[in-house]
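J.: Each protein sequence line maps, in turn, to chains A and B. The numbers in my numbering rise by one with no breaks, and the one at position 218 of the first sequence is 218. The numbers in my numbering rise by one with no breaks, and the one at position 74 of the second sequence is 74.
Check the hints yourself; a few may be wrong.
Said to hold, decoys possible - Taking lysine to aspartate or glutamate and the EDC-like style, the derived pairs with C-alpha atoms no more than 20 angstroms apart in a straight line are:
#	chain 1	residue 1	chain 2	residue 2
1	B	Lys183	B	Glu225
2	B	Lys66	B	Asp5
3	B	Lys183	B	Asp171
4	A	Lys204	B	Glu99
5	A	Lys193	B	Glu99
6	A	Lys193	A	Asp180
Everything labelled a hint here was simulated from the structure, so no lab data went into it.
Given next are the chains, with one letter for each unit.
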Amino acid sequence: MNKPVNQKAWWLILPVFLCVAFSAVLPLMTVVNYSVQDIISPERRVFVGTEWFSAVMRDQDLHEALWRQLVFSFSVLLVEIPLGVMLALSMPATGWKASATLVIVALSLLIPWNVVGTIWQIFGRADIGLLGAGLRKLGFDYSYTGNAAHAWVTVLIMDVWHWTPLVALLGYAGLRSIPDAYYQAAQIDGASKLAVFRYIQLPKMRGVLMIAVLLRFMDSFMIYTEPFVLTGGGPGNATTFLSQYLTQKAVGQFDLGPAAAFSLIYFLIILLLCFILYNWMQAVGTADKSEGVHA
Amino acid sequence: MARIDLDLAHAYRPNPQQDSDYALLPLKMSFDDGGAYALLGPSGCGKTTMLNIMSGLLVPSQGSVKFDGKDVTNASPQARNIAQVFQFPVIYDTMTVAENLAFPLRNRKVPQAQIKARVGIIAEMLEMSGQLNQRAANLSADAKQKISLGRGLVRPDVAAVLFDEPLTVIDPHLKWQLRRKLKQIHHELKLTLIYVTHDQVEALTFADQVVVMTRGRAVQVGSAEALFERPAHTFVGNFIGSPGMNFLVAQASQGQIEIAGQVMLLAHGQDLPDGELKLGIRPEYIRLRTQPSAGSLGAQVTQVQDIGTYVLVSAQLAGQKLKARLSPEQARPQVGDEVWLEVLSRHTCFYKSEELVA
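Here chain A stands alone, though its shape is the one from the complex (with noise of 0.2 angstroms):
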C-alpha cells in the first residue's frame, strides 16, 4: 500500500511542540544547567559534571527525607483508600440527599492549600484551636509544634481531612456505573454484603481506585503546603519532606546546584514510583481488560 507523503503535517504539532518546550523542556534544561555548575556569581561559573549529584546522593538529611516521604505517602494510601472506599459505599445513590452528600464531601478539595494549612493551625493550637484545646482538656498533651509523632501524625490527618473526598468521590463515580442487575442477580445467587463488595463493587470501582492510588500517591509524595503552613517542617526535622528539603536547599540555602541535581533525582523517583504502581495495578487486575465492552 502506498501512503500520500506530506511532511506539511509538521506545522500542524508545531504549536504544540512550542508550548511543551517552553513550559516543561526549557525549564527543565534549565534546571539541568543548574546541576551540573557551581554558578559563584552571575559571572563566574565552574563545571563541575556530575559532582553536586554524588554529593546529594550521600546526603544523610535527604536519605531521612526520603525515608520520611515514603513512609507518608503510603500511610496517606493506607488510610485514604480504605476510608474513601468506605465513604463511597455509604454514600446514598439517589435523590436530594445524594447530591447533599456530594456537595458536603467535596467541600474540603475546594479549599486552597495554604489555607488548608492554616485551618489546621488554629484548629490545632493548644490554647485557643478546637482540637488541640479539646484534647488537652482531656488529658493528652497534645503539642504539634513541640512533639515530632504529634506533629506527623497531624499533618497525616490533615491530608486525610483534606484528600480523602477525592478517593471518595472517584470510588463513588465506580460504584454508580454498576447496573442494578449486578446486584439483583447477587441477590438471587445469595450473597451476602461482604461477598457483593468483595465479587461486584471492588472489581468494578478497580479503574478508579487505580486512578485514586496514583493521583494520591504523586500529590503526597510532592505535598509542600499544608506542613510548610503547618509546622514549617518542624519540629526538628519530623515533617520536612522532599519538597521542604528541597527549597531549604535551594531558596533557604541558595544551593542552587544540589538543589538542581536533587529536583532531576526527585523527578525520577516520582516517575519511577508511578510507574512501579502503574503496572504493578495492572498485572493485578490483567483479566479486566477486556471488560466495559458489554453492558
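Chain A is fixed; fit chain B onto it per the hints.
T.: Quick look at chain B alone, frame taken from chain A:
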C-alpha cells in the same frame, strides 16, 4: 419447585389514581408447578415488573404472592429460593467460569463435592466444560450469558427459574440452540420456567402456556394454538402472527353483518350481539375468490408481495385494509384487480370493545 399464585397490582409511584399510573393492573394468575411459561408483550407492558415481583426483587404495592399456598409477598429472593437470569449478562469478573457457576451454591454452603458435580453437569449442558478454568471476564457476550444461564440453573432445588429476555444479546444461530437446550432442561429437570420476551416466536416455541401482556394487563393466557386461533383481545390478534390479524369495523343486526356497505349472512346458529363490532380474521385464513360467494367481501388489490414462502396480498375496501397470505402455488392477483375475499369461516372471531365475543 412450587406453584405460584399472584393476586396483586403494582404501581411505582405512590397513590396511583388512574390505570396509567399502574405498572401492573390488578390481576390474578397461577403458574403450575413444573410448567413452562412465557410472558409476552411489547416493551414497557409490565412483564419484567411481574417477573421481579415473582422473584422478590420487587414488593407489589398491593396484593400477595403465594408459593404453594404460602404467602411470600415480603420474602427476599433467597427466602423464596428462586433463580433469575437477566437480559444482560451478569458475571463476576474476578472469578473463573467454574467459580461463577458455583457461586450460588457456595453462598448456600453446599458441600464441595456436590458443587463440583453440579457445576460439571451444568457446564456439560451448556457446552462450556472446556472453559471452566478460564477467567470469565475475558469471554464473549454469548459465553457470558451462557454463564448467567448456568448460574440460574445450577441449583437443583429452586422454586422456579425466571428468565428476563435472556437471549437478547445472543447470536441468532446460538439462540435457537440455547432455546432448545432450555426446553430440554425443562423436560429433564421438571423445573418451573417463566420466560419473559417480546419475541412471539421465542415465546410460542418455548412455552406451553403464554401470557400475553399489554399496558400492565395480562390480556390472555393460553397455548400457542389458542392465541393464534381464538385471540381473546384484539391486541393479542394483532401482536401474535406475522402479519397480525385483520380487523374490520362491522355492524351486526339479526343474523346479518354489514361491512363497508356490503351485507353478509352469518352462518346458521351463530349468535352475535347487535351493534358495532370488529370482525377479526387471520391473513392465513382469508380465501381469495374471483367471484362473489357466501361470506366474502369485494375489495381492490393494492399490493402483492412475494415473501418467498408465501405471497402477501394487501387489499382495500372502502378505506379498510386487509392482508391475506396465499401459498406461492396459488394464482396471484394483479394490483388493481377487483377480488372477493372470503372472511367468514370457522376461523373468524368477533370483538366488541376489543374483547372476544364470538
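J.: So, for every hint listed, does it hold in this structure?
T.: Hint check:
1. Lys183(B) x Glu225(B): 18 angstroms, holds
2. Lys66(B) x Asp5(B): Distance of about 5 angstroms is within 20 angstroms: holds.
3. Lys183(B) x Asp171(B): With Cα atoms ~18 angstroms apart, Lys183(B) and Asp171(B) stay inside 20 angstroms; holds.
4. Lys204(A) x Glu99(B): Answer holds: Lys204(A) to Glu99(B) is near 18 angstroms, not above 20 angstroms.
5. Lys193(A) x Glu99(B): Holds, at roughly 18 angstroms.
6. Lys193(A) x Asp180(A): 15 angstroms, holds
The earlier numbered hints are all upheld by this structure, with none contradicted.
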